Every structure is written in structure tokens, then in C-alpha cells.
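So the sequence lines, in the order shown, correspond to chains A and B. Position one of the first sequence corresponds to residue 603 (my numbering), numbered consecutively onward. Position one of the second sequence corresponds to residue 342 (my numbering), numbered consecutively onward.
Quick caveat, the hints were computed from the structure, so don't treat them as lab data. Be a bit skeptical, because a hint or two may be false.
Distance ranges between label pairs, derived from CB positions [to be verified]:
{"#": "1", "chain 1": "B", "residue 1": "A362", "chain 2": "A", "residue 2": "V700", "range": "55 to 65 Å"}
{"#": "2", "chain 1": "A", "residue 1": "Q981", "chain 2": "B", "residue 2": "A362", "range": "55 to 65 Å"}
{"#": "3", "chain 1": "A", "residue 1": "T990", "chain 2": "B", "residue 2": "H369", "range": "29 to 39 Å"}
{"#": "4", "chain 1": "A", "residue 1": "A1063", "chain 2": "B", "residue 2": "P427", "range": "51 to 61 Å"}
{"#": "5", "chain 1": "B", "residue 1": "V404", "chain 2": "A", "residue 2": "A863", "range": "50 to 60 Å"}
Predicted, not measured: the structure shown is a model, and the values here were computed from it. Don't be surprised by glycine CBs; every beta carbon is placed ideally from N, CA and C.
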Amino acid sequence: MTVSRRAFLKTSAIAAGVPWLGLGPGAAAAADPPKKGGTLRVGFYIEAATMDPHLSGSKIDRQVYHNIYEPLVTLDAKLGIKPGLAESWTQPDPKTLVFKLRRGVKFHDGTDFNAEAAKFNFERMKNEPKSVRKGEVANIDTVEVVDSHTIKVNLKKPDAALLATLTDRAGMMVSPKVVQERGAELQRNAKGAGTGPFEFVEWVRDSHLVIKRNEAYWNKQGGPYLDRVRYRPIPDDVVKLQSLQSGEIDVMDYVQPRDVAAVKADKNVVVLDVPSLADFAYQLNHTRPPFNNKALRQAVAYALDIEQIVKGVWLNVGVPANGPIPPTSWAYDKSIPFIKRDLAKAKAKLAEGGQPGGFAFTLTTNNIPINVQEAEVIQAQLREVGITAKVNLVDSATLISSGNAKNFEMISYQWSGRPDPDGNTYQFFRTTPGTSLNWSGLSNPQIDALLDKTREVSSQAERRKLYSELTKLLQDELPMIFIVHPIEPKAFSPRVQGYDPIPDGMMRFKDVWMR
Amino acid sequence: MLHLVLRRLAATVPVLLLVTAGVFALLHLTPGDPIDAMMAESVDAAAKAALRTELGLDQPLPVQYAAWMGRLLRGDLGHSIRNGEPVVESVSRRLGPSLQLAALAMAISLLIAFPVGIVSAVRRNTAVDRAGTTFSLFGICMPNFLLALLLIFVFGVTLRWLPISGYVDPVEEPWDGLRSLALPAVTLGLALAAVVTRTLRSSMLEALGEDYVRTARAKGLAEGRVVRGHVLRNALIPVVTVLGLQLGTLIGGAVITEYVFALPGVGRLVVDAVFARDYPLVQGVVLLIALGFIASNLVVDLLYGLIDPRIRHR
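Excised from the complex, chain B in its bound form:
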């Protein structure tokens, strides 16, 4: 187990190097310039040049990348070009809302996906299964922004049960905080629930056809115990894989949902930073998102071991 963790951690180094170098190259190859974008209404070429020199943007790209790496190794992610704020501060302020949103969305999706997925598989080809399949299709096909706007219209504008947009920290004000996160979490959670339901249903169906299920039934085990102990446990691996991948996406990729609900999350931060060509900020956030993906994949690998002892002993 420890071996696995260490091996994984060692593998993160080349991954991070590739990701940061790739993003750095892509950003600088994209037309547009942070100083031009920032001082769009200024004609003062000398002031622009001075700012460029001060920020090191006049250096060759490899030099800029090396300088960034050098600072990173000393634990310094640099400052935003646009507002001079340390990148670490911008990112850490945005991380809380993103994590809370991801956790809530994940919880909602599990609460829906497990009952629906299990019942669909066990009662295959019945009305219940078809209803479950319809729900999943709906969830997969429905674009995020449309679902978000519909939810806002129903619960915010018409019924006025929940706030339309904005963020309140649930750590400080639990009730208002949960209310502010409810609609975005449902928006993301429904889509995720749809994917998880589909995955769980198909992997359960596969497990239901296995020899050990027939054996379990033959030895007179109650159907409930067969499903819980033999089918579900064996069907979990693909579900955990999907969840692991989705968690990373939820943290860094919930851009549209964050926009619509005016949530100060990581996804919006990185998109705004790209539009402003705020290189250090983009680099910092991408680094963080990459770390998030690596961590959630590591957790998934460890969970495999818990679920399936054969993987643990390999």
C-alpha cells in the first residue's frame, strides 16, 4: 500500500512538469497580451513597455518559464498581473466555495444514483428500470446552463424559495450558505447522478450474470444479501473510477455553473484569468487543478484496494 502511494507520488512530478510546460506554451502561443488587455484605453507605449519589463514579460519564453519554475520551487506562485494580488491568495479564496460545491454535488449524486442504479439493475426491463433510464438520459442530455436557468426560474423567480445567485459561506452562516449552494449543487449533482446511475446499472448487470452470484443464490442466500455483499461490491470499481474523474472536473471545471450562479469558484477564476492573459494566475490555478486530479486519482486507486483485496495484494 505504502509502495503504491510512493510510486504514485513519484509519478506526479513528470505529470506536473508536462502540464505546466504545456499550459505555459499554449498561453503564450495564444494571441493577445496581458498589458494590452489591461491598458486597453491607454496610448502610453512607454508606460506599457516599463510594466512589461517590470513583470519580466520582455524575456524569452524559456527564461520566463524557468523563472516561474524557480519561484515555484521556493513555494512562490507569483502575483496576478491584473491586480497584483498573490496567486496563492486568489486561489485559496476560491478553493473553499469550489470544494463545498463539489462535495454537495457529489453527495446529491450519490443519494440519487445508488438507489436508482441498484433498483434499475435488479428490476431490469421493468417500468422502474425504464424510468431510471429515462432519468439518466435526461440528466446526460440536459446542458448545465439550461438546467441551471430552469432551476432559477422555478425555485428562485417563481416560488422564491431559494436565492437566485451569489455565495454565502456555509462555514460562517450554515443555513444561508446551504441555501446559496443548493441550486448549483443540484445542477451539477443531477448531471453527475445520471452518469453514475448508468455506470452502476451496467456494472451491476454484469456482476448479476457472474457464476458467484448463481453460487450465492444456490447456497440459499437471501436476495438482499446477494445484491449487497456480492453484486454491489463487485460492481463498485467502475463507479469509483467515474466518481474520481468527476471530482476533479467538479472542482476545476464547473465554470458554467459558477458563472450562472455568480459563485466565486476556481473554474471562473481560471477562465477570467485566461481572458485577461493573466499568465501567473492561469499557471497557478492549472497547477492546482492538476494536483486535484492527481490526488483524486490516488484516492481512487486506494479505494480499489479497499473494495477488492486482490488489487491490494498485487
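Chain A on its own, in the form it takes in the complex:
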């Protein structure tokens, strides 16, 4: 299984034009049987915020969760849905999902995982006042226990994206006993709470978080092999990289584009390019001038050379984006080209928009090096057709508030992405009054109808067609200027074997072992 998946990745990486460095030594030693033991030391840029998956709002938490908790269903490398804590599922009608749960699974505290436990979790996500999962499970009306290991989930309306949502925090099962006995403490201490291949040991704030092998893990195929995994926050990128190069850590979560070439040349480090689900873009404000004028939005799009930005700023650690859906997704339509630079067209659009001599606007972006560089390139490219972009650098809290308040003209938006295309589209482009992630204020009945339909139709082929149509409409309507689908390179010590990358960027260590 592992070998075939690895072979798949190898070919896909070559197809994407990315040199395959992958787990080179691992491939050479593929015959080596996995070895038990060892502590894997992982460096992250920041520390976790909470150990309670129902209250978590940060990406780094998920990195830990995917080793101690398990969702009902999981993702494979092609973003297909495969069984997790649910052995199988059926959909008798568009508004009903029936999950057969796996038997013989125990939480780390020794209690059984069963239908009652699953129902308890869904109810907690819906009713707990501080739950951050409410939005994700909003479509779930009720959960019924059919028998000890079967649940029936009744939906308010058809939701084709729900299964993919259940591959992450919204599908993760927490021990009801732990929640009932020490629910408040769960934020800091997840002892006994999960069913995953590793158990929570301790979390010393600001210092480290340790998990250990679950000896009673239900899945007897493959790992867990590692004795322990020790997570440490190292905020400085340069220092984190040096820690890896000198052997103080074995894994780092992300290599900056500017460091990728140097790291790939280092024999002591193995780099793995993991394509992501993300789309990095700029939202254009449709509710005020100048971008309430469609021709001017198009003028900006035609004046930009996205290929050049991806090459010069992202150093090709990513691919130019044709829309919100990344190449990793089954819904990605590679027949749709990204918008190419066309200065004549840009000038014509300026004239059409009533600004033949160009116009000026403010570009709001994060004050971090790569965003600043990107803004400077955009500024220079737009200047060639007489458009003046004033760059306004802000911190991320300001950026988010400006976006929510629609207090911007063009604003940087970096979305980490979701496994189902719905997560990269619906909330951004569906007409939504009030505060929402639809910062652009886009409201187009044709797009609304398409988005609603993508949720109701359950056939993947059918949905794929709808998303292609949507991508084309978005290229014309331009709520966003799509720039790049980034690659998220991860770096390892050559001792680390068996890591299986999945485009959601989460590091699952079940089958990882140390040479």
C-alpha cells in the first residue's frame, strides 16, 4: 500500500515539473523493514493553541490532532475519502448518511468507541457554546443511534461536501468520558481523549508537547513504530532550518521558498514537495470604486503577469492559479488556462471602464517579506498600463478586520484550502449579507445557483463540471485575482522513513519510523 502510494506521488511530482527528491534514501532502502522505536523531534513555527478539536481554530493544532485523534473518514493522497473510524457509509437519500462504525476501537482512556460516543461528539460540536465547529456541522440536523455501531446522520439539506469536512476536526471523535469528567482541562491536557495511533503524554506550554505510541491501537497493519513524537515551537525560519541541518530536530513543517534550493542541495536534509489545497489571491472590493467597475477589475487581471510572479517571487514553489481550486483536487480543470498577461487588452478594458489613462487604488497586504515582494512586483507590472497601486502594509489582525469590514480596495487573501472544492468556493463567492468570507461583496445569481447546485448533486463527475463552469465565471467576474497554488515543502532528516504526504499538509506519523 505504502509503496504504491509512494510510486503514485513520484509520478505526480514529475508530472508537476517538480524534481523528485522525496524520501530518496527511503526509496533506496525500500526493502528495509520498518523498525520500532525512537523519538521523532518535530519543529513547528508556533505552538498549539488547544488540545480540544471542537474548540480549535488554528492549523497547528490539527498537526497534533491527526496523530492522537481520528476522524470518521480520512483522505488519501488524491483527496479521495476512505474509511477511518467509520468502516463504511451509505447514503440512502440525499439528506441521510448512515455510518457503520469500526468495532473494537477503544479510546486511550480504555472506554469503547461506539455509536453513542459518535452521537455525543456531534451534539457537543453543535451545542457547546464555545464550539468552533458549529458552522461545519450546521447542516446536520440530528444524529440517531441505529445500533451499537451504526449512526444515522440526518441533514437539513443535501450537502455533498460534508464527508470531506468530516475528514478533519469536525469528524474527530473525543472520549465522552474525558469530556464529562474533565472537559475544561481538555484544552491543555488530552490524556485518554483520542483513539489514534499515538497517545497524548504532556504539553509544557512554550516548551514542548509529547505524544507516545498507542500500544493498543486497533489497526494492526503497519505502525505506529515511533516510541514518541516531540513537538517544539521554533518561531524563526532560519533557526528552525539550522536546527534540522545540525540534527536538533528531525522534521520541519514548512520550508520557505527562498530556502528551498539551498536545502535541496544539503545532503543532511531530505525535502519533500507537498502540493497543497491552498489558493493565494487578492480580493477586489465590488462594493466601492474603483473595483465596482467590472472592466477595471479585468484591466488589472490582464495587466498582471502571474507566471512571472510565481517564478520571481515564489521561485516556482507553487503553480500559477486559474481559480480557487488547486491542482491537487479532483475538481481541478487543467484545460482552463490562468489569465495571461495581455497589455493591449488591459488598455482596452481601461478605456471601456472609463479610465483610459489608468487609475490609482490601494493594495492592502500583510507585512511579511514574500507578500511585500509580491506587492512590489504587482505595483511595477500595473504601472506599465498606467495603473498606480499604493501598497498599504498591515499586520494580519488588521488585514482580517479590514476584510471583514469591506474596508479595502484590493486585499491579499491566503486561504489554506479544504479537501472538498466547496471549502475553497462557496463561502467566498455565494451572496452573503453581513460579515462573511465573501470580502469582495460578489453577488451574482448565476454563480449563486451554481454553488447551490454543487452541494445538491452527489456525483463527482457532475460536480466537477459545475466547478469548471464556476472557474470560468470567476475569471470573468473577478471577485479575486488568483495568483498561486503554493507547494508546501517539508524537510526531514535522512533517518526519517515512511512519511506519506497528503495535500492537506497534515503530518500523520502512524507509519513513520527512524533508521
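Once you've looked at the hints, dock chain B against the given chain A.
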């Protein structure tokens, strides 16, 4: 003496009021909102509004400030918005590493600055003096982050003598703890040593030209005793002033050094809290840093009295 201490303590009240009100106003005038920052990927406006009400963030600013002050007077610094942890706990956990780092850096700077400063002044315009001046210039000009990265490269990556980053509590594990603090302490200590060397040298030079030094020499006192007993003692006041000011900066302002070495210190805490718009946490840490400055200034004032009896009797 007691009078001085009491007078100083009384003066802290308006200072703290000004600092906390100023920081409170600045924070709330800065664009950005803690709930938006925390729930960046959520569209649930109702949940956000509920959280805002629960935390009292929907109240007018003066009301929020008064509520914060009211809790403070009862000894409650409140809870972090981001993770619900009591502010007192977050701060006290970060204080240990910051104090240890400051003490070590201070010790390193004194060990370097005193010999170099004294020799530079006594052997003015010789090769030794010029070497000392060059060192100080280097220390003042060298940015912290660059020195830190160079030290990491040499001692962590190349020689592998010391850990690159991370913190081990020296109280629990003395050897590993000191090793984890060595590079950051040297980073901060060298910069501080440079400043102290310059100050000590110039104030010693001034004292060396005084009449009482000529008198001391005229009455046949050995040069060593002249320097120690007359010159150095009189040259200490500006040095103590500089050290006092720097101590406060070391505790709350070693942000870059803490970032680079992944040390869980107070400086990083406050910067992260500002980025998250975690108002209670920022307020709590700033209050603490202000107290630190006041305390170190008080100590400096008391030291003046010890060094110069004329100040004590005034």
C-alpha cells in the same frame, strides 16, 4: 533613605495609571479585533458576537478600562482572550526565563566592560584603548539578530558545542539550562558590554582629570589605589544609570533574541499578544514591564546613595 523609597513608591501610582491608560488607548485605536483574529476562518457572525459580549468587548472603551482597573485593584489581571489562561499564569511562566537571561547577560557585560573600560581609560590613546574602542563600536553597531545568527552558525551548526535554540530551566537542570542560555546571553551581553564600556571609559576619563586625583597622586598614593578608590568610584554613577535602564529593557525588550533562540520570554509574549490583539494579556505584561522599570530605577537611586554619600545625605 526610607523617605526616598516612600516618595518613589508614591510616584509609581501616576506612572502606572498613565502607562496602562496609554497602552489601553493605543491598543484599541489600532485596527484589528481579537475575535476576528481568533476566528479568522469562521463565518459565524452570531458566534463572534456572542463571544464579544461574553468578553465585554462590546462595551464602550472607558467602561472596559474601568472594568479592567476594577479587577486589577482586586488583584485580578483577567484571562487571555486567545486561550483563556489567566494572565498571571502566562506572565509568571515567562518571567523566569526572562530574568535568568537578563541576569546572565548583565553578568557577561560586566565581566567584559569593567576590565576593558578601566584599561581603556587609564591607557588612553594606546593600542589597548583603540582595541577597546573598536570592540565597543562593533558591539553597538552589530544588530542583535545578526550576531545571534552568527553565534548559532559558529557554535551550534559548525562546532556543535551548544544547542541552537530552545530553553531548559537552569533551576531544574543547571548544566543543560546554562547551555541553552549561553548563546542568547552572549548576544545580549556583548551589546550591553559595548555600551557600558563606552560609558565607563568616558566617565573615568573625566574623573581622571579632576583635582582630587591630582591631589591623591601628589600625596603619593599608588596609581592602583588612585584608580580604584578615587577614579572608579566617582565614575560609577553614569554606569549604574545605564545599567539600570538596560535591565528593564533586557527583561521586556529582548524580543528579537527571544524569537531567534525560541526562548519563552516576556518580550515574545507581549509581541505575540499584540499581534493577536489579546488585550488583557498585553495590558498585563505591559503593567509588569512598567513595574520592572520602576523597580530597577528605584534600585539605581538607592545605589547612587551607596556610591556617593552626598546624595544619601541630601
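Structure-based check of all given hints:
no.	hint	result
1	B:A362 to A:V700: 55 to 65 Å	holds, 60 Å
2	A:Q981 to B:A362: 55 to 65 Å	violated, 40 Å
3	A:T990 to B:H369: 29 to 39 Å	holds, 33 Å
4	A:A1063 to B:P427: 51 to 61 Å	holds, 54 Å
5	B:V404 to A:A863: 50 to 60 Å	holds, 55 Å
In the structure shown, a violation is registered for the earlier hint numbered 2 alone.
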